[in-house]
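**Q** Letter by letter, the chains look like this.
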Amino acid sequence: MVSRIRRLLTGLMLLAAGLLAHAAEIQVAVAANFTAPMQKIAAEFARDTGHKAQLAFGATGKFYAQIRNGAPFELLLAADEATPARLEQEGATVPGSRFTYAIGRLVLWSPQAGLVDERGEVLKRGGFNHLAVASPKTAPYGAAALAVLQRLGLAETLAGKLVTGENIAQTYQFVASGNAELGFVALSQVWADDRLAGGSAWRVPAELHEPLRQDAVILAAGRDKPAARALADYLRGAKAQAIIKSYGYEL
Amino acid sequence: MSAADFAAIRLTLELAAVTTAILLVVGTPLAWWLARTHSRLKGVIGAVVALPLVLPPTVIGFYLLVALGPHGPVGQLTQALGLGVLPFTFAGLVVGSVVYSLPFVVQPLQQAFEAIGERPLEVAATLRAGALDTFFSVVVPLARPGFVTAAVLGFAHTVGEFGVVLMIGGNIPDKTRVVSVQIYDHVEAFEYAEAHWLSAGMLVFSFLVLFALYSRKRGVTR
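Same order as they appear, the protein sequences are chains R and G. Note that our numbering gives residue 13 to position 13 of the first sequence, counting from 1, and the numbers run on in steps of one. Note that our numbering gives residue 151 to position 151 of the second sequence, counting from 1, and the numbers run on in steps of one.
One should not assume that every hint holds.
What the hints assert, rightly or not - These stretches of chain R come out as covered by chain G in the derived footprint (C-beta under 8 Å, 3 or more residues): (1) 62-71; (2) 135-147; (3) 163-174.
Keep in mind that the hints were calculated from the coordinates and are not lab data. The beta-carbon is built from N, C-alpha and C at its ideal position, and this holds for glycine as well.
Kindly produce the complete structure, drawing on both the sequences and the hints.
**A** In structure tokens, the structure reads:
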């Protein structure tokens, strides 16, 4: 009996060791706007390499605080270029591993068909109670949305109608649930397979705000993990880039 | 601390005060019924009241957002009544906080009512006191420690609310941006000094409230 248990345990240990040797697990912090494409990319990555990417989605500012306080993330896909640069300056990354993986597009979106016109005139016309944006203090898409309102000279008139999501995913949820009639979200959230998934939208011209350059960086915890490097390379590969573009990102 | 921080503190205190007042009004008859009833519904209602103790605030916040929203049952009702929809308003936060802090008010009251027992009520009845008279002249004075505990816990728990507010608040200054959300914003924006001020304030406040409560309780039992 005892020897049987021992044999079983040895077998399990060998199995575990074998799995570890081949398929590594990588902890990845992913900006909320990149949720959908990253899930697809991670699935393809697992199929092609056997490595498993554990994805955590959220606001970039929160990830920064967590990483600075010892979070075990090995790769960061930020929603901006400032946060990875800052982490690099502070010595929390693998030097020279920073790169732009996508350039985001902002969209004014409503689940109601016909509410948002193709030039965003609805913002001047009014007829809505709440306009959702992401927190401009912490989310780059929120800062971009406010920049657009300022450029259009609507920042003051619409200030009373703004509701702020903690990150772009929550902002989308406010709009999708109908609690806010429309909102500035990431194109990737309402765009799939090269077209609008539903509702009505205004694709905000890129020149109305600073480019939403999204950078990735390998973090100090991923220094000795080839799998982290492999995923970073994979993101720059043709397969991942096709997925990224199909969600409306530019490269 | 900035003006925005003080605005958040004022809003939080307002929210907690309004919520506690409503909970005492709604919670008292509910707790009384739970304490006295032999109905088969007692278990069900008791469990529903206690749900916020164990449910994550995200669940409460998510269902409130859906239920209060324009397509939800409560949202349809409030719209039909001409009240609009509740998410992103102070009234919406009050509704959320009442749900979220309900057990913290009802349970101490229920325990206090149960502790009174039958005897004082029977005495009051032999003295021909009416039901309301009995309640206000006998039950309320006897259950006074329960009322204090209920009010303090309801208030403090609402001050410490975060998840529900985050889900249905929309982070609007002076309307839905309470202290806990303001702290979260500060942390995310790397404003650690401001976050420390508010966080330390919360810590001290919560400790003092609980300290006062538990010191008082010991005095009573002795």
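**Q** A separate judgement is required for each hint: does it hold in the structure or not?
**A** Do the hints match the structure? See the list:
no.: 1; hint: 62-71; result: holds (count 3)
no.: 2; hint: 135-147; result: holds (count 3)
no.: 3; hint: 163-174; result: holds (count 7)
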